[in-house]
Every structure is written in structure tokens, then in C-alpha cells.
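Given chain X, work out where chain D should sit, using these hints.
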Amino acid sequence: MRQVWRLLDTGELPAANNMTLEQVILTARRRDLIPNTLHFLQFSPHCALVGYHQAVELEVETEYCRAHGIDINRRISGGGSIYMDEGQLGWEIFALKDTPGIPKRREDLYRLMCESVVAGLAKLGIDARYRPLNDIEVGGRKISGTGGTEMGNSLLYHGTLLTDFDVDTMIACLKLPLKKLEDKQIRSFKERVICLREALGHVPPMPDIKKAMAEAFAEVLRVELEPGGLTEYEGTLMVEELPKFQSEKWIRGTRASQESNLTIADYKTPGGLIRISLRIDHPRRLIKSAFITGDFFAYPKRSILDLEAALKNSSSRPADVLATVRRFFTGNDVKIPGVAADDFYHALCLAISDEGRNESNGREVHAIR
Amino acid sequence: MQMEKRAIPDDLFYDSNDFWIKVAKEAVIGLTDYGQSNIGDIIYLEFVPAGTVVRQGGRCGSIESGKWVGSLLAPVSGVIVETNREAEADPHQVNADPFGRGWLYRMETANRNEIALLMDSGAYKTWIEERIRLKEKDDVTL
Chain X
1 MRQVWRLLDT GELPAANNMT LEQVILTARR RDLIPNTLHF LQFSPHCALV GYHQAVELEV
61 ETEYCRAHGI DINRRISGGG SIYMDEGQLG WEIFALKDTP GIPKRREDLY RLMCESVVAG
121 LAKLGIDARY RPLNDIEVGG RKISGTGGTE MGNSLLYHGT LLTDFDVDTM IACLKLPLKK
181 LEDKQIRSFK ERVICLREAL GHVPPMPDIK KAMAEAFAEV LRVELEPGGL TEYEGTLMVE
241 ELPKFQSEKW IRGTRASQES NLTIADYKTP GGLIRISLRI DHPRRLIKSA FITGDFFAYP
301 KRSILDLEAA LKNSSSRPAD VLATVRRFFT GNDVKIPGVA ADDFYHALCL AISDEGRNES
361 NGREVHAIR
Chain D
1 MQMEKRAIPD DLFYDSNDFW IKVAKEAVIG LTDYGQSNIG DIIYLEFVPA GTVVRQGGRC
61 GSIESGKWVG SLLAPVSGVI VETNREAEAD PHQVNADPFG RGWLYRMETA NRNEIALLMD
121 SGAYKTWIEE RIRLKEKDDV TL
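Protein chains in written order, with the numbering used here: chain X, 1 to 369; chain D, 1 to 142.
In isolation and in its complexed conformation, chain X is listed as follows (with noise of 0.2 Å):
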């Protein structure tokens, strides 16, 4: 007999309800007050959520945020920036830990919960694909990120999903990788993402996207879901809990010490140039986003989109930066013409080094200490 998850849809709420929210289902669920649950969540007004270790002034464009109404948070769970407009949709399964068929491996984890939402998809229609470590991508363009986090025997495993997505509201009100003003590195940022309006020509009414991840994530996990509310403890506690995640301790408290700096690299191969943008952290060696753009042809094309996946979040030391580089073109078949996988590398490197800043047309730099 198959397990019976709650199925919970809170719609629209601000910010600071959907975050108090994950804290409040996961304390019941560990509290084992209530079934494990699949629960949908929309935002209104749009806001942009940063991970919990990030510090808000790296990575939010706060003075557009306020000037736009975009209300700004932070997540319980790990990863970066986001933008959520009310087009979007938030998903997230809360589960006691040894769950029969929840994995005990971290990376099988990330995978099951993504191929639910590649089924999911693929019932609208959408040929889509898990991308380790923790993202969903339609031939290449990212459609869907996932992060995580833990209380005691539970786990909370979320992720996004990009319906009808206004790219330069999100460009304009986070930190990115790339220089706010060059037209040609926006078209190609934006052409890292897609959206389901994209996908499919339409954007398909929310109730049918809801209902075909409801379906796999139920077929994939195989249990059954039974639609039901919040709980008495559930509302109770929310009310309990919302004035923190409302507070300004909470949303911009202090954080570990770190930097965030963007630097840009242009190296010349036979090939055509390579031009690196970077977000890194200096002192924690750290390469947070990467952006590759130039005048080379790469097949296929998504290959780009794969190497920038790869050194997301990836050590900025040389030798783990060449590392990665040859892990990757070791193990895809990517064909440059003209350029040698050691060209990204020390590209890469000039890009990390005093001179690649020197250099850049645009160095930002920030930091929390």
C-alpha cells in the first residue's frame, strides 16, 4: 500500500509567509505532527530571496527592490539568489528522513526530487533533464533550481519553476555575472534560462502545471497525495514565527565574513576570444557564477551552459580550477574549434588573478567582514 503525502497549495502569499511557512512545516514535520507533504507556493508581490549563508547587500540590487516593490527575504535553505514574480511556481517536499525511497545519499536525493519535476514536464509536454548538482534544464536553459536543508530527522527539498518569467526584472535586482549595461552579454545571459511560456509557445493555466507535477512527483516517489490545509499547529505557529522572518535581524543580520566580486577576463585563442565574467570570493577561494561568452563556436552549444553549471560554486584554487575544466571536457563530448580546453583554464585564471581584475572593464568589488 502506497504511503499518503499531504498535498498542500497555500497560494500567493508575501515573501515572509512563504518563509515562515517552511520553517513551520518542517518544525511540525519533525514534530511528526503531520505527513510528509508536497506543497505548492506562489509570491505576490515579486521578490528576490537570497540563500541562508548569503549576505543581502552581495547579492540583491536592494535599492531597485525597494524602488520596485520587491519585497526581499532569505531562505532556510542553501544556494543563491533568486527572483520570484507572481508567474512562478515554488515546490517543495518535507520528509521525515528515512522515508522508504527517500535516498540516503545527498547527490540521490537532488536526483530523485529533479526527475520528478523532469516528469512533471514532460506531462506539459517539455523534453527536459536533470543537471547535477541541483538543477533542471530544457536543452541547456535552465527551467528549474533546487536547494535543501534539514531540522533534526526531517528535510526540506525545493525548487522553482520558471512559468512566465520577466528576465530583466531579474537581471535588473540581483548581483549577476555580467556588467548591467552591455546589451550583447544580456541577450546571451538571458538565453541561459527559459521559461514554460518559452518552452511551449503558451504558458499553461497554473492549475494544469500544478496537477502534472502533483501527478509525477506521486508516481516518482510513489506514494499518494491527499489534498489538505494547514494544520491548527501549523497556523498557530506561523503566527508565532512570521514576525521574525518579517524582522530586518533576520533578512539582512550579520553573516559570515565573505566577498563577492565581479571580474571580468578577455583571452585571445585561435579559436576566437573568451571572455570570463565571475562573481568570486576572494578569501574563501570561492567561484560563485560564471559566465562564458566570445566569438567561438561551441557544439554543441549548451556546452558553454554546462561548463558555467560545473564551475558554479566550485573552488577558484588553480589546480581544482583545472581540475573541473578537464573533468568536464573529459567527460562531454565538446568540440571548439580553435580552442583548447586549457584556454577556459587560463582564461579562468586570469580572470581569478590580480591582473584579470586589473583588467576588467568592470570590477566590482564587495564584502561583509
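These aren't lab readings, by the way, just hints derived from the structure by calculation. Take every hint as true, because none was put in to throw you off.
Listed next, the in silico EDC-like pairs over lysine to aspartate or glutamate satisfying Cα-Cα at most 20 Å (straight line):
| hint | chain 1 | residue 1 | chain 2 | residue 2 |
| --- | --- | --- | --- | --- |
| 1 | D | Lys135 | X | Asp108 |
| 2 | D | Lys135 | X | Glu150 |
| 3 | X | Lys104 | D | Asp41 |
| 4 | X | Lys97 | D | Glu130 |
| 5 | X | Lys104 | D | Glu130 |
| 6 | X | Lys249 | D | Glu46 |
Owing to the predicted nature of the structure, the values given are computational and were not obtained by experimental measurement.
Showing chain D alone in chain X's frame:
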């Protein structure tokens, strides 16, 4: 799946959450080699402030890798007296040297009897092997 060779020093005690504890005047706590290898590349570490009183199993910080935020749980009760600021600023040290530069925090323990209930190196090795066996079961099921 074979257990990769992971260091398990004999002079330490271990808990089931993959933390080691070195018992001296003040106890030193860190993440085991097996623990750090399971977690993967650590991107962020945060500790509660020195002076915080924690109970055994209580949360004394957070750790992030692969977009996952986990908790640092105290193997024994006590007062945090110092946290490793260098590891907090460069968490790679926990991956690279979990029993050395990558230590996490020092604490004044409240109840020495709790230490007696922790695992020695032999018991911890057995515990790891049991978990690997369960993961292999996952591989068969998935």
C-alpha cells in the same frame, strides 16, 4: 561499494553525526574525514557565538554544501569557548584537513559522562560500514 580509506584517529571519540571530539582540559570538536567526504565541498560555515550554552545534540552552527544547509550538532553538552574563525572564512580547510586546521570549535564540557557514551575509533568504523551498507541498499532499490 567499498569504503574509501578515511582517517579515523585512535585518540578521538566520535558521535553518530560524524563529529569527532578530542578530550583535554577543553574539548575540541570537528567533522570527521568520512563526514566531510559525505558532505562534499563546504561553501559556508557559521557558528553560534562563543559563550553559547549547548545541549548534547543541540545546534551550534550551520554548514552548506551543494545548496544544502545542514546543522552542526554538539556531540556533548557544554559552553562554546572558541570557534575556528579561519575555517569559517575558508571552509575548504574542513575538507582539506578535518582533524587539523579544519577543527570547528572548542568547548568546556558540562558532563563528562556523555563522553563515555561516545564511540571509540573501532566502533565508529563499524558505524560507517553499517551506513555504507544501507546506502548500497538504496542503490539496489532506486
